[in-house]
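Asker: Position chain W relative to chain F; hints supplied.
There are 2 protein chains.
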Amino acid sequence: MSSRTVSEELHISRNTVKLAYDQLFAEGIIASVQRKGYYVESLDVDAFPHNTCLCSVVCNCADGCTCSGGCVCEVCARKKSSETQKQDIVYDFRCDKPLLFWFPCNQWQRLINKCFHEYREDFACPKAVFGETGLRTEIQRFIHSYRDVDCTVEQIVLTMDTQFCLDIVCQLLKPMDKEPNVAVEEPGLDQSRITFQNNGLRICPMELDQHGAVISALTKMDVIAAYLTPSHQFPTGVVMPLPRRNEVAEWAMRKDAYIIEDDYNCYFQYGVRPLPSLQSLCADRTFYINSFSNILFPCINVSYMVVPEKLLARLHNLFDNHGPFVSFLTQKPLELFMKEGLWESHLRKVRKNQNAKCETLVNALKNRFGDSISISGSSAGLHLLVHPNWTVTEDALINCAHQAGVGVSPISGYWIKPERKQDGTVLLNYAGIALKDIPAAVNLLYEAWREM
Amino acid sequence: MSSRTVSEELHISRNTVKLAYDQLFAEGIIASVQRKGYYVESLDVDAFPHNTCLCSVVCNCADGCTCSGGCVCEVCARKKSSETQKQDIVYDFRCDKPLLFWFPCNQWQRLINKCFHEYREDFACPKAVFGETGLRTEIQRFIHSYRDVDCTVEQIVLTMDTQFCLDIVCQLLKPMDKEPNVAVEEPGLDQSRITFQNNGLRICPMELDQHGAVISALTKMDVIAAYLTPSHQFPTGVVMPLPRRNEVAEWAMRKDAYIIEDDYNCYFQYGVRPLPSLQSLCADRTFYINSFSNILFPCINVSYMVVPEKLLARLHNLFDNHGPFVSFLTQKPLELFMKEGLWESHLRKVRKNQNAKCETLVNALKNRFGDSISISGSSAGLHLLVHPNWTVTEDALINCAHQAGVGVSPISGYWIKPERKQDGTVLLNYAGIALKDIPAAVNLLYEAWREM
Chain F
5 MSSRTVSEEL HISRNTVKLA YDQLFAEGII ASVQRKGYYV ESLDVDAFPH
55 NTCLCSVVCN CADGCTCSGG CVCEVCARKK SSETQKQDIV YDFRCDKPLL
105 FWFPCNQWQR LINKCFHEYR EDFACPKAVF GETGLRTEIQ RFIHSYRDVD
155 CTVEQIVLTM DTQFCLDIVC QLLKPMDKEP NVAVEEPGLD QSRITFQNNG
205 LRICPMELDQ HGAVISALTK MDVIAAYLTP SHQFPTGVVM PLPRRNEVAE
255 WAMRKDAYII EDDYNCYFQY GVRPLPSLQS LCADRTFYIN SFSNILFPCI
305 NVSYMVVPEK LLARLHNLFD NHGPFVSFLT QKPLELFMKE GLWESHLRKV
355 RKNQNAKCET LVNALKNRFG DSISISGSSA GLHLLVHPNW TVTEDALINC
405 AHQAGVGVSP ISGYWIKPER KQDGTVLLNY AGIALKDIPA AVNLLYEAWR
455 EM
Chain W
5 MSSRTVSEEL HISRNTVKLA YDQLFAEGII ASVQRKGYYV ESLDVDAFPH
55 NTCLCSVVCN CADGCTCSGG CVCEVCARKK SSETQKQDIV YDFRCDKPLL
105 FWFPCNQWQR LINKCFHEYR EDFACPKAVF GETGLRTEIQ RFIHSYRDVD
155 CTVEQIVLTM DTQFCLDIVC QLLKPMDKEP NVAVEEPGLD QSRITFQNNG
205 LRICPMELDQ HGAVISALTK MDVIAAYLTP SHQFPTGVVM PLPRRNEVAE
255 WAMRKDAYII EDDYNCYFQY GVRPLPSLQS LCADRTFYIN SFSNILFPCI
305 NVSYMVVPEK LLARLHNLFD NHGPFVSFLT QKPLELFMKE GLWESHLRKV
355 RKNQNAKCET LVNALKNRFG DSISISGSSA GLHLLVHPNW TVTEDALINC
405 AHQAGVGVSP ISGYWIKPER KQDGTVLLNY AGIALKDIPA AVNLLYEAWR
455 EM
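Heads up: the sequence lines are chains F and W, in that order. Under my numbering, the first residue of the first sequence is numbered 5, with each subsequent residue one higher. Under my numbering, the first residue of the second sequence is numbered 5, with each subsequent residue one higher.
For the record, the hints were derived by calculation from the structure and aren't laboratory data. All values derive from a computational prediction rather than experimental measurement. You may find that some hints are simply not true.
Identical copies carry no separate label here, and so any pair may be met within one copy or between two of them.
[Claimed, not checked] Straight-line C-alpha distance at most 25 Å; calculated DMTMM-like pairs for lysine to aspartate or glutamate:
hint, residue 1, residue 2
1, LYS224, GLU251
2, LYS178, ASP324
3, LYS370, ASP441
4, LYS343, ASP181
5, LYS353, ASP126
6, LYS440, GLU125
7, LYS361, GLU125
8, LYS356, GLU125
Looking at chain F on its own, in the form it has when it is part of the complex (with noise of 0.2 Å):
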C-alpha cells in the first residue's frame, strides 16, 4: 500500500507512515522492490536446519582442551576449569556463538570476488585509519534507522574488537582532569573490566536494580563515565526502560560523565520495538559501541564505536599515524553486503529464529518446572537466567546438569564484590543451540535437577 493511502486512510502525516516504512524495513519485517514499492517477507523458522552447537562441530582444539569440540570461547574456557568438564555435553547452554548454517558465507565469498573484479585498484591506495568512507556511511544509515543514533560519518570508528573500542575510548578518557574511575554494572562483564583496569583505570561497582543501573547510586560516584549494557544487561538481562535510559543521560549532563554504551544485544528485542539507545539520548556524552563479528561470522572480527565530535581532535592525534584498524578486503564486502540490504535481511532472519528458540525454551521450562524455578532476562538477548526456588548452590546444579549431559553456565564470576552473589543462578545461552533440540534439552535439565 502506498504511503499517500495509509497517510490518508490513517489520517497521519506521510512523513510518519515513511518513518515506520523506514523502521521496518530496517527492522527486516518488509522488502523494497524496485518501482513497485514494500512487500511483507514472510519466514518459516522451521524451514532452518537445525545443527549442534558449534562448540561442538568445528574445533579442533590441540591445546588440551577436553570440551567435546575444543572450543576456546570465553564461557568454554571458564567450563574447562569445572570439575565435571569430562562429562560428554549432549545439549549446550554455555556456547555464545551463533550455529555455523546462519552465517552468510556464499553472499560473502561472492562479495570478495566482486571487490577483486570492480574495487582492484584502490587496494593499493592507502586507507584511512578509523575506516572507508563507504561502510562508516552504510553504518551510519543503519544505526541512525535502527538505534535512533545520532552521529556524522566522522564520528564512526571501525576497529576489530570491542574490547578494542573500549582501549580507544580509555585512552581517549584518561587525560581528563579527573581521578580515572569508571562505574561498571555489578554484576556486569567481566571481559570490559579487565579491559578498564588494563588501561589504568579503576572500577567502582554500580548497584542495579529491576531496570538496570540506580541513579541515586550513580550520583554518589566520582566517576568520568558510566560502561552500560542497556538493551540487555549482561548477565541479569534487564532491558534497560525509557525513564531509566531518560534519568542516565540527565545525570552524564548533569555530572558532566561519559556513557559508554555497549548495545551488544540491541538485534535481539523480542515482541517489542527496539527502546532508543542511550546515544541517542545524550549525543555528545556517549560512546556507542557495537559490532558485527557475533551476527554475521565470529571471524570477521570488525566492531564499531560513536565517538563524541568533541573528542575527535584528540582522536585524531592519537591514531592518525597508525594504518587502519579493519583490512580493505574486510570492509568492502562489508560495505557491500550493507548496501544490498542482506545486513537487514540476515538479522531479521537469524533474530526470527532466535526469538522462536528463546519462547520455546521459555515455555519448556515452564511446563517442565512449574512453579519451582523463576525465569528471568528473556524479552530480549540470547541468554536467559533460571533461579530454582529451592536452596541450592550454583555447583551443584551445574554439575548436575553436566553430568547429565547438559552445559548451563555460572553466573557468580560476573560480580567483583563477592558477598552480592546470588547463590543458585544459572545462565542458558540460547544462541548455539538448535530449536529442535530445547525441548530434550529441558528434559533432561528436569530429570537431573528434581532429584536435588
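Answerer: Same frame as chain F, now just chain W:
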C-alpha cells in the same frame, strides 16, 4: 647438483651445503621442484610492464586533495602542504608504495576462495588474539631462515600495523621500574616517535654516525629501550654493520634495556647477504617488528612482532580478553601463500625489480650530475638521499623539481632538534616509479637544478 656432490666437491659438510641451499631458497634465488631438486630461477626484469606511480593511477580521493591522483599516503600528505602542490607531477619519487602490478591479486583471490571451500568450518570457531598457529609457524620459519630471528611460535604476535606493534611494546615497557624514556634515531621515523609520545614515553634523540646509532652516546642515556631501523636507517639509508650490531646488543645486555628493531626494509639489501637481525644477537631483549603490508598489498594490514619471552605473561594479561587483531580471512590466505612458497618467490621478484631501479637511478644521477651531487643510502631499501654540493635549501630543491614535474621529498621533518637538520638534502623514493621512467625523471631533475 645434489648436496652430497657439492659437499664432496668442495670438501665441506653436507649440513653447510644444506644451510646454503636453505638461504638461497629463502632469498628466492633457487626454486625447489618436488623429487627433482633445486633449480636456479631466471628473471628478466625488463619483462615486467612499467606502470606509473600508484599515487597517480589508482586514487580517487574526494577530500579536496589536489595531488594528481588524490593519494593520501604520508608522503603525499606532506606534499600537500607544499606550495608547489598545484604543479602537475609527471614522475613521482615521493610515493613509498609499490606499483599495483606487483600485488599478487590473482593468487590472493584464489587462496581466499580456497579458504571458503576448505576451511569454512573454521570461520565460526573463536580465534586466538595474537594469531593462528599455522600462520605464526610460517612466519617463525621464514624469519628464522631469512633474518636469523631466534624465537618460538608463541612469541610471534600478529597485528594490523607497525604502529600498533609499537603501541603494544609501549604497554609492555611502561610498568618497568624506570623512567619511561626511549631512545630514537635522530633523524628518524616521525610516525614512530608520535606513537611513543602518545603512549606516554619520553623521546631521547640518539646520535647517528655512518654506521648508525653511536654507542657511546647511547650509553650515556637513561632509557628503557632504543628504537632502531638497522636494515636501512630512515631517512639516512645507513645499513648498520655487524660490529655495530654487536655493540648495540652488548649495550642492551649491559644496561638491562630493550631494543625495538623495526626491520621494515630488510627485504631490500642489494648485492649483499642481509646482515643478521639485532634480534638474532640479543633475543631476550629485542622486540623484532616487520610487516607484509607494503610488499604484498598496502591494504592487507598485517604486521608482526616477536616479543621477548619474559614479557609473554604480561602480554597475555593485557590482551587475552580481546578478539584477534587480524581477521582469519586474512590470516589463512597468507598462511597458504607462504606455505606454497609464493611469498619467497614474490619477494625475489620485487627485490630484483627494486634493485634494478636503484642501480638505474644511481647511474642516471651520476651520469647527469657527475660530482655536483652526493648520493647516500643506496645500498639497500627503497629510497636514497641526494645532497647537492652547492649551497641550496631543501625548499628550493623541492620547489624547483616540482615545477619541472618531478616529485621529491624533504627530510627536515625527520629531525627532532631543528639545528641538526641537514640543509639541501632531498629524499628520492623509487618504490612507486617505473624502471623505464627513471632516466627521463633524472633528466628533468637535472634540467630543473642546473639553473640554480
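Asker: Evaluate each hint against the coordinates.
Answerer: Each hint tested on the structure:
1. LYS224 to GLU251: For LYS224 and GLU251, the Cα distance is within 25 Å only inside one copy (14 Å; across copies 58 Å).
2. LYS178 to ASP324: both (19 Å within a copy, 22 Å between copies)
3. LYS370 to ASP441: Within one copy, since 16 Å is at most 25 Å while 78 Å is not.
4. LYS343 to ASP181: neither (42 Å within a copy, 52 Å between copies)
5. LYS353 to ASP126: between (33 Å within a copy, 22 Å between copies)
6. LYS440 to GLU125: between (47 Å within a copy, 22 Å between copies)
7. LYS361 to GLU125: between (45 Å within a copy, 23 Å between copies)
8. LYS356 to GLU125: Answer is between: at 24 Å across copies they meet the 25 Å cutoff, but 39 Å inside does not.
Against the hints set out earlier in the document, a violation occurs for number 4 only.
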